[in-house]
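Asker: What follows is the residue order along each chain.
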Amino acid sequence: MENLDRIGPVLVMFLAAGLVLVLDLLPPRSNKRVLAEVGLVGVVLSALWTAALLIRETGGSPTDLAFAGTVIVDNFTLFFYFLFPAITGFVILGSLDYLDQMADRAAEYFALLLAITGGAMLLAASNDLILIFIALELQSVSQYVLAGFLRDSRSSEAGLKYLLLGATSVAVMLYGMALLYGLSGSTALPDIAAALRTASDGQKAAYLAAAGALAVGFGFKMAIVPFQMWAPDVYQGAPTPVTAYLSVGSKAAGFAITLRMFYGTLGADSIAGDWANMFALMAALSMTAGNVLALQQSNIKRLFGYSSIAQAGNFLVGVAAIASAGGRFTVSSSAVLFFILAYTFTNLGAFFAILAISNRIRSDRIADYAGMWKRAPLLALVLAFCLVSLTGLPPTAGFWAKLYVFNAALRADMVWLVVIGVINTLVSAYYYLGIVRSMFFTDPRVESPVQPTVSLSLSMAVATLGVLAIGLLPGPLLNVAERAATVFAR
Amino acid sequence: MQIHSTEQVVFYLLAVVAVAAALGVVFAQDIIHSALFLVVTLILTAGVYVLLSAEFLSLVQVLVYGGGVSILVMFAVMITRVRDARGPLDGAQKPIAIVAGLAIVTVLVLMISRTEWQQAIPAVNRPDESPVRVQRVITQTDKGQLMSDTDAIGHDLFTTFAVPFEVASLVLLVALVGAIYLARGEEDEVT
Amino acid sequence: MIPMEHVLILGAALFAIGMYGVLARRNAVLILLSVELMLNAVNLNLIAFNVYLRPNPATGMVFSVFVIVIAAAEAGLALAIILRLFRNRRTANVDEADLLKW
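Protein chains in written order, with numbering that gives the first Met the number 0: chain E, 0 to 489; chain A, 0 to 190; chain V, 0 to 101.
Mixed in with the good hints there might be a few duds.
Quick list of in silico lysine to any residue cross-link-like pairs, SDA-like style, CA-CA up to 20 Å [what the hints assert, rightly or not]:
(1) E:K373 with E:F440
(2) E:K203 with A:L109
(3) E:K203 with A:T105
(4) E:K203 with A:V106
(5) E:K203 with V:I8
(6) E:K203 with V:L52
(7) E:K203 with E:V215
(8) E:K373 with E:S447
(9) E:K203 with A:W116
(10) E:K203 with V:E4
(11) E:K203 with A:S112
(12) E:K203 with A:V108
(13) A:K93 with E:M228
(14) A:K93 with E:P225
(15) E:K203 with A:Q117
(16) E:K203 with V:M3
(17) E:K373 with E:P443
(18) E:K203 with A:R113
(19) E:K203 with A:V104
(20) E:K203 with A:E115
(21) E:K203 with A:M110
Just so you know, the hints here were simulated from the structure itself, not pulled from any lab data.
With these hints in hand, go ahead and build the complete structure from the sequences.
Answerer: Below you can see the structure in the form of structure tokens.
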């Protein structure tokens with residue numbers, strides 16, 4: 000029972016997913032809102048369970064293991080136990096609007112969404128290569144289906160492309176995992192860490208090869224260059240709420256496991272410097288390529304596809320920024336976690352605004368956002384505010400997030416990376432603020448007003464207030480991030 | 000020694016043919032041929048598993064991979080009538096792909112031959128180093144008896160790896176739901 | 000006994016061939032076949048490590064059972080999506096249907 004208690008929040012998610020599928024078969028079949036409500040109840044119950052775990056200080060000890068050591072529930076896990084259901088709650092609220100277009104597909108949609116969430120939470124709690132692989136695949140397989148969910152040719156193409164590239168990256172990742180297993184004789188992360196600490200020089204190359212292969216698999220999830228090819232197509236082809244989820248949830252899951260794997264397991268001095276340099280290079284590439292390509296986009300979902308690649312580059316700056324001396328992972332991991340939080344609120348807020356607008360004007364073209372200020376003042380304000388936060392200007396969450404990450408990089412003596420980051424911030428300002436300019440300072444082609452629904456307005460309000468609150472008062476959330484990051488303090 | 004060398008001869012034979020068939024998979028200009036080459040590679044690999052005395056895995060390999068997956072691919076090829084397709088099966092990036100493939104095999108072979116694999120073992124086996132490992136060893140080798148690989152796999156699946164095992168069934172469920180949902184024909188066929 | 004390195008090198012060769020196929024092929028089914036080659040190479044590695052380095056417990060074999068299961072699930076899903084694309088475009092040619100630009 001104690002074992003089950005540790006993964007209770009995950010089980011709630013899976014149960015909710017199953018319940019949604021079963022309920023759909025029972026009469027009355029017309030009422031699809033019930034399914035969304037089941038999902039939301041699942042999210043709330045899961046969060047309550049996590050809160051209970053937190054209050055009982057389950058995550059207090061650094062090695063709170065369950066299921067023969069395959070599952071670990073520490074502060075880091077609890078952080079993501081809260082984050083993923085929260086994201087899903089938002090996305091479910093945002094999908095209510097979409098429900099009319101989905102007709103009889105709602106059950107599959109919500110069930111998959113909940114399954115992904117459970118998978119992501121389990122990934123954050125994984126302490127074994129096999130569980131990491133399975134949890135990752137649970138997410139991936141559901142996401143392939145959701146990417147192709149609209150069943151039109153563009154969506155199917157997105158799903159196929161996502162699947163083929165995903166399967167390839169997973170194969171490479173598995174090769175790396177096999178190497179780690181061969182080197183340490185175990186798939187348990189603590190065993191691998193122990194083996195790495197006593198590894199001879201003759202094994203260093205193999206460990207580095209394994210690290211590189213793992214970075215391919217995780218990098219695909221995070222959508223960083225050079226494993227980003229799928230992102231723009233999938234973002235454009237998938238249903239908009241799914242795009243919102245992918246841009247936030249999938250990325251966060253990728254970073255969760257990257258931190259656990261590289262900081263927690265492969266963090267020994269002998270190879271840490273090497274993979275940190277690899278991530279620094281990827282960060283620079285991601286920021287630059289994402290921003291430059293985003294400049295040329297005319298479709299707003301595609302633009303967010305590229306912008307999310309650039310943002311992942313910002314996260315990666317944090318991952319790469321391990322200090323050369325004591326407490327080497329503390330500053331950088333808390334900065335990354337804080338960035339993930341800030342980015343989650345910001346990007347979700349932006350996507351809900353886009354969702355509300357594009358549901359009404361039936362277009363994803365940026366040109367059609369012209370003069371939105373006159374048609375929907377509130378929506379335009381929300382979107383503009385979130386775009387400012389994505390750029391990284393005060394008084395928003397994005398500003399502090401960038402500050403902390405760049406600060407971590409400076410402490411790790413990666414000045415060149417910070418310079419690239421700042422230049423990229425300027426580039427990104429051009430297209431982010433370009434949308435703002437077009438919304439506020441050009442005349443609309445059509446005058447008809449755009450009204451968001453209640454559920455969308457609610458989730459938008461929460462997300463925007465979150466961005467503002469973090470922007471004005473970053474302290475409390477930084478504390479949360481720092482507590483979660485204590486796991487990596489050694 | 001005699002037995003060992005027979006084993007080796009069989010292995011090298013299997014390996015050479017498997018690699019040749021794998022090359023057939025990626026170079027054949029007909030999808031059906033490619034799929035058949037894949038079946039050959041997979042079954043030969045199953046033979047290698049037998050040589051490594053992993054009988055259970057070789058059986059699973061033949062049944063699931065060699066049987067199920069290949070048939071699935073054949074179905075897809077037939078239903079979508081890919082064979083009628085004209086035009087090359089390879090993209091313009093083929094030269095880059097060749098370079099990449101050669102680079103990968105070179106790097107991997109160098110890495111494999113340089114690494115001191117055997118040294119890896121003792122480090123982890125020390126019980127005081129790894130609380131997790133201790134737990135596992137106790138659950139798995141009661142009385143220190145040698146289990147057959149099928150026993151050992153079954154034992155591990157339902158003890159240490161119970162969570163991945165259950166979640167794997169979820170993955171299958173999700174894939175099933177997804178596949179039915181995506182492939183099912185409907186009035187609302189969009190073009 | 001067969002030297003372990005030779006089994007690993009067989010795995011490396013299969014893996015590289017699979018990677019070549021993924022990069023070079025335009026057709027979705029063929030890319031899928033190449034990925035299966037790569038996964039097969041991974042399994043070979045896992046089993047070799049298991050047999051030579053740590054005969055007990057059978058972690059590597061368990062891992063490869065999982066890999067096989069997931070590979071089958073992925074293949075099934077991939078073919079469903081390919082079928083869907085085929086229906087959408089009414090084309091007999093998967094090549095035309097996927098605009099895979101790398």
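Asker: Failing hints, ascending?
Answerer: When the structure is compared with the hints, none of them turns out to be violated.
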